[in-house]
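Trainee: Residue numbers (the working numbering), protein chains in the order written: chain A, 48 to 244; chain B, 10 to 335.
Mixed in with the good hints there might be a few duds.
Claimed, not checked - On the chain B side, residues computed to face chain A include the following (Cβ under 8 angstroms): (1) Thr174; (2) Lys177; (3) Val257; (4) Pro258; (5) Ala259.
Simulated from the structure, these hints should not be mistaken for lab results.
Keep in mind that this is a model prediction, so the values were computed, not measured.
Where is the CB? At the ideal position from N, CA and C, for every residue including glycine.
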Amino acid sequence: MKKIDARGLDCPQPVIKTKKALEAEEKVITLVDNEMACSNLQKLGQKLGYETEVLTVDDDFQIEFSASGEPVTSSVTSAEFEDSADNQKKVYFINSDVLGQGKRELGEVLIKGFIYTLTELAPAPRAIIFMNSGVKLTTLNEEVIENLEILAEAGVEIISCGTCLDYYQLEDKLEVGSVSNMYTIVELLNSYPVVTV
Amino acid sequence: MGPEALSQVLRSIPVLSDERELVGLSTADDASVIKLNEKQALIQSVDFFTPVVDDPYIFGQIAAANSLSDIYAMGGEVLSAMNIVGFPSCLSTEILEKILQGGANKIKEAGAILAGGHTIEDDEPKYGLAVSGLIAPEKLVSNAAAEAGDTLVLTKPLGIGVLLTALKGGLADSEAKEQVIAEMRTLNKQATEVMQEVGVNACTDITGFGLLGHLWELVKASQVQAELELSRIPFLAGALDWAEMGLVPAGAYRNRDYLQGEVSFAAGVAEAEQDLLFDPQTSGGLLISVPDKKTERLLDKLQQAGVNKATAIGRIVAGGPAIKVK
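Here chain B stands alone, though its shape is the one from the complex:
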């Protein structure tokens, strides 16, 4: 659901503070983090959705990569994952098998234990994971510690939502399809490992609320401002064209509505470009806030680790929460 509707609902849920809780609901971070002892904290998250592509195996991979990403966004290592499945009785169980195989493939790649799961009968297939990760408390990378002077690095190109919309409409060709699938099923594992090696201030992953929605949560939690340089933000090939054509998913409009007044665009930023910044991403990349002097090192190491589309897209400046795009 959209960020506005969600925060409305969450307002009515009592927040019980507990000193063991290092990251909770209040900062709208990617996962919950609970301190187990001086050396270990437990990261937990759950995410599932309906198919975004026709191929069940690839859908399984994408849904799993997306769920696992929440652990990586906190800088953690995945310990275990459990399948969450909704499946119609009228569909062949072979399809379910393929979805779970795709998921298992990514869980294995993450080096995690597939610990079980739960299946219910549903009108349409749904799949995702409940994931647990571990991290040393002092290594935790929340979205609340970005500092003025940081550089913002994005590890995957934007436009996944627009491309999926074009695919759904039968407009995108097989090349575009391959491209977007490749991005979605890529784990953020390498990115997080490099980020931990270099040492950064804050991180979040880019999913349903789009780049600007997740960046907004980061600047709000960190009490800073962000300045993005549009010309440096990478888009998937074809995404701008399709956005201009009006293949903009409803989620992008909801994200835009939610951030009304919080984001200011320079005069030259076209509407389609704005749409891509609001575009909801499925299994998007990490947005990393790194001290300026470490930026080059981070980008070099990401490149070496195969995260070759990682780009510095802007910076953090002092001031109350706001985002500027020029």
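Excised from the complex, chain A in its bound form:
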């Protein structure tokens, strides 16, 4: 899924950007700041055979395009779009349940401290992605989960790799954030500065 912040852009840029995004993605959400752009995007959706749903967010319009007709995720907050406008925010890529390569005991302490410190960070990360044994942090590690919940509330996207949850048989134990696939994860890593932990 791709989110486009097209506020402040002149016609026809919102349509062009959305059209290009729809060529690569099944689901696209575009945010615009005027009714004309909103109407034009609805026309685009109709022309290309997408279901569109319009939500008003503050004074802006959020148009969701989905190929299948099912609505795209629940609601995307305005804050998330601001993130996409501010591409400087970082994505943290966590691929282990411990931090670093030494003693496991130390690694567990360090990862807890690391996640806690992220809650104190400004600006908050764009997203935190958990892969491989990293998914144990979003399912089993209560202290980490507590801090991840604080981050999620602040608008940070918490993403766990679905294949990894499957592998560790944790698919029904996810405590925070959402499950996602390799495509979305790689796209996020490709779109923002990444910090690998």
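Using the hints provided, position chain B relative to the given structure of chain A.
Mentor: Chain B in isolation, oriented as in the chain A frame:
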């Protein structure tokens, strides 16, 4: 600016009536017409805008053709034109040269005198003309004399605004580009000459307010109703497709808002088709209201004069101002 905002502003400007003035602000016509003597009236108009295409020479041609059109819409002959230019100091003066050359090319084609001009420094290039034309008062073709029974003839296809939007978005191909440029830089000179030869009741040119916006001014000034047949209205190739895709310029929405409640569409008229009827045109064609019995002659002669896309698109009927599209 949009028609609604403009009429709001104009309401606050005092209208000083003068018996020498044959056409003034009150009927929202294309140009001012002032009677000089029994044989001559002076037509004046001014129009300029920012570039609609990248090529400066072609932009000059388009802006000039658009400005000159206001004289033609009154049935007049162009006497003289003066350049109005806004130009950034950071751009090469070669660009300005090309814009003015393009304009001069059209002024020459119109048979007019290029009488001078004025240039100011501006953030972005702007170009257009202040034009003067002459007409015998009894030959004047205003937008206020359409009569029930007239046929409405449109001389250029619609969709210029939508195509320019598609071009801006990088979606239109070179063929579409050529097509829209060809329409925009074509003078309405031949059309007006034929119209005068045949004799018609009313005329306006189609520019920023779109077909429906300018037709509305005509039916309001003439106190008549218009019925348009959608299937007969010519659109530029690709325009409908791009309108359906949402490449509809903001001006089309403003025009639609302004005419809220004045235009009724039959059930079969799709939204994209409506958008094209509201689409703002740059240097669009003439909309001519011609007595029914002269329609065939007008269309034949337009064809012969090279105005080969001219089409009868509807008719005028009696009644208070309204437009129906079926």
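Trainee: Does each hint hold? Answer for all of them.
Mentor: Verification of the supplied hints:
1. Thr174: holds, 5 angstroms
2. Lys177: Since the shortest Cβ distance to chain A is 6 angstroms, the answer is holds.
3. Val257: At 6 angstroms from the nearest chain A Cβ, Val257(B) passes the 8 angstroms test, so the hint holds.
4. Pro258: holds, 6 angstroms
5. Ala259: Since the shortest Cβ distance to chain A is 5 angstroms, the answer is holds.
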